[in-house]
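Visitor: Using the hints provided, position chain D relative to the given structure of chain P.
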Amino acid sequence: MATELPPPVEHELETIDLNINVGPQHPATHGVFRMILTVDGELVVDADPVIGYMHRGGEKLSENCDYRQAIGYQDRTDYLAQFNTEWTYMLAVEKVGGIEVPERAEYIRVILGELNRISSHFMFAGAFGTDIGLFGTPFMYSFRERERIQDLFEEVTGERMMYNYFRPGGVAWDIPDGFKDKVRDVLKEAQQGIDDLDGLMTENEVFLARCRGLNPVSPEEAINWGFSGPMLRATGVKHDLRRAEPYSIYDRFDFDIPVGTSGDVYDRYLVRLEEMRQSARIVEQALEQIPDEGPIMAPGIKRVLRLPHGEVYARTETPRGEYGIYLISRGGEGPYRLKIRSPCFCNLSALRNMAVGNYMADAIIILGSIDIVLCEVDR
Amino acid sequence: MIADNPWVDALVRLGVLAIAMPLIPLVLVYLERKVIGRIQMRLGPMRVGPHGTLQTVADTIKLLTKEDLRPRSADRWTFELAPFVVVVPTLVAFVALPFTGGFFIRNLALGLFFIVAVSGLSIVGFLMAGWGSDNKYALLGGARAAAQLISYEIPLVLAVLAVAMIGGSLNLEELVNQQGRVPFIIWQPLAFLIFTTAGLAEVYRNPFDIPVAESEVVGGPFIEYSGIRWSMFQLAEYATTLLIAVLASLIFLGGWNWPLGNEAGAWLQIIWIVLKTSFFVLFFFWARASLPRLRVDQLMAFCWQVLLPFAFLQVIINGLVLVYGWPDLLLGVFSGLATIAAAYLTYRSARQAVEPYSPRYQTVRSIS
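Respectively, the protein sequence lines represent chains P and D.
If you're matching positions, the first sequence starts at 392 in the working numbering and goes up one per residue.
If you're matching positions, the second sequence starts at 1117 in the working numbering and goes up one per residue.
Pulled out of the complex, with its shape left as it was, chain P reads as follows (with noise of 0.2 Å):
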């Protein structure tokens, strides 16, 4: 005989849901984005972003200004990876122009994309290791090294942040001597830290019972979604934009593209790590490579640039997904159009399916897992 259920308790008090606030200023929101959570108790009902904060219409900015000066707001977008985001601006105005780029050119690009890349994947192990409660352990130990790749590209460029270093047809002016074995000793130390950020969290049985199943995307739901990245690759779908439609001189190098298998967070976490390794193996690669003399401009480039009509989309693997530019040009002296695809966003606008159902201090590592940048996000 079937024993039968107690009758469900009936509450005499009425419980509601909680909403909070997570952001505009909040510890775990990477810049200024707001999360509105709805929670039952621990867990998310319903999660709303709301973006916009950083809005600053570089877009239409662009557009008022010539093609030289519109590199400027390139950096300002992605502002972890900003030689990807300028590449990509480059690589349109050079597809409308048809401006052929020297090789010694394209290998600089490399090399400094792709440390720019490992820089990027540093700052998101370290921002997700505070947001998982580490206190600021695998943060210390990334920038340790971001400040070592950022010296560098302050030698090259001058900047620090706002590098501004690439120009349609080439780069600005040359790299500095002894700049190759800087670049060595860097990456040896970079893949250092790449492996002590390895040992301090990927076995970590706290670090595993947390990320572990967290959220699983399939393949399905991460293409419907438009995710790309790191966040694509993590679900099991390989496709990088370097190996998939090589731009540049990427057919040149050998390298591996590592996917997940379930999509979870600690899937993403994997993939960006091996990502790291990986851009060494390109760099090191890059530098045997690189021709040590030779010309860094594509010749009779002026200052001032007229472009014939034309409109190109042109799009590149930055740390964070396929970085896009649709670029109109009418014969003006600047953009006509600028259109940026941003990865981020795309990303980002899953976020609601991803963290509800899950518990609130899990949406927060979810949201980590994107690797969010807001300039990004809002342009």
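Hints were generated in silico from the structure; no laboratory data involved.
There could be a bad hint or two in this list.
[Unchecked claim] A short, non-exhaustive set of chain D residues, derived as facing chain P with CB atoms under 10 Å: (1) R1158; (2) A1259; (3) S1465.
Idealized CB from N, CA, C, for every residue including glycine.
Guide: Frame of chain P; chain D shown alone:
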């Protein structure tokens, strides 16, 4: 005895405690910042005083002179009383804590029981702070603190109980005196492990800093407090850290007794107890710098499904060995085996297979 009159004696001892207690955070906060700084390849405070030794003094002066804010919508009495309700039980617990053979306030016959009972009371203050602040983060933090307390307190008490069974007493001095040859950690490694884990939860340190989680509830119950009231919470936190550390070194590492024995001079006893306490305090700091935070339901599952059954196991082992009069060696063997089992279970459960999504769909052309 410090003075002949017992009342004067007790008052003098209490006075020493009252003066020493506020100084504890001064030292511990400085130590913590230095130790964690070193772990994170920083120097820690360096500017105020030689090697930053006066940094915490300066911070304290700042906190004392800061404006004491209270949100207009806060529940006044609950809000303002909460820090006292947190601090007082912690300080009261020190009354029954013997530091060395001659350095204590009152050596109660039920000292161990008293300490465990009293130190659990501070949760009321956390709930009051969480409720009275009229802040959602604070409320969540207070509720988390309550959920956490009922989870870790029972394994903690059972671990202490296991030691009391072996020692046959609840008097801390008596327990320490029995560890002249072998400290209890040799006989009770499982209880030791449970005590330190639950102790981490008691002091709200990583991986159990769930109620005050910076990246989730932004300080939890303390979020609306400022100035002296906030520093009272800090005082309670560091006093509890010290309490757990001293208690663990008394009941597991042989306190002042092992390895030199009770005959060693008072200074040697103090040095030993300080060394053993520092070991635990440094362990807490180390855990804070290197462990992420558990989720609140994971903490509860861990406490109820791992710590509690194993704490019962320890009590049963002790009961069997004591009742049947088996040799003491078996205590250590059984407990050690159970410790390994607990560690293995935790190791396995963190790595158990997660169902993978099989990649059924490929977008791009086949890639090497």
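Visitor: Hold the hint about S1465(D) up to the distance rule: shortest CB distance to chain P must be less than 10 Å.
Guide: It holds, given that the least Cβ distance between S1465(D) and chain P is near 8 Å, below 10 Å.
Visitor: Given A1259(D) as an interface hint, is its Cβ closer than 10 Å to any Cβ of chain P?
Guide: This interface hint holds because 8 Å falls under the 10 Å limit.
Visitor: Using Cβ atoms only, decide whether R1158(D) comes closer than 10 Å to chain P, and label the hint accordingly.
Guide: holds, 6 Å
In this structure, every one of the numbered hints holds.
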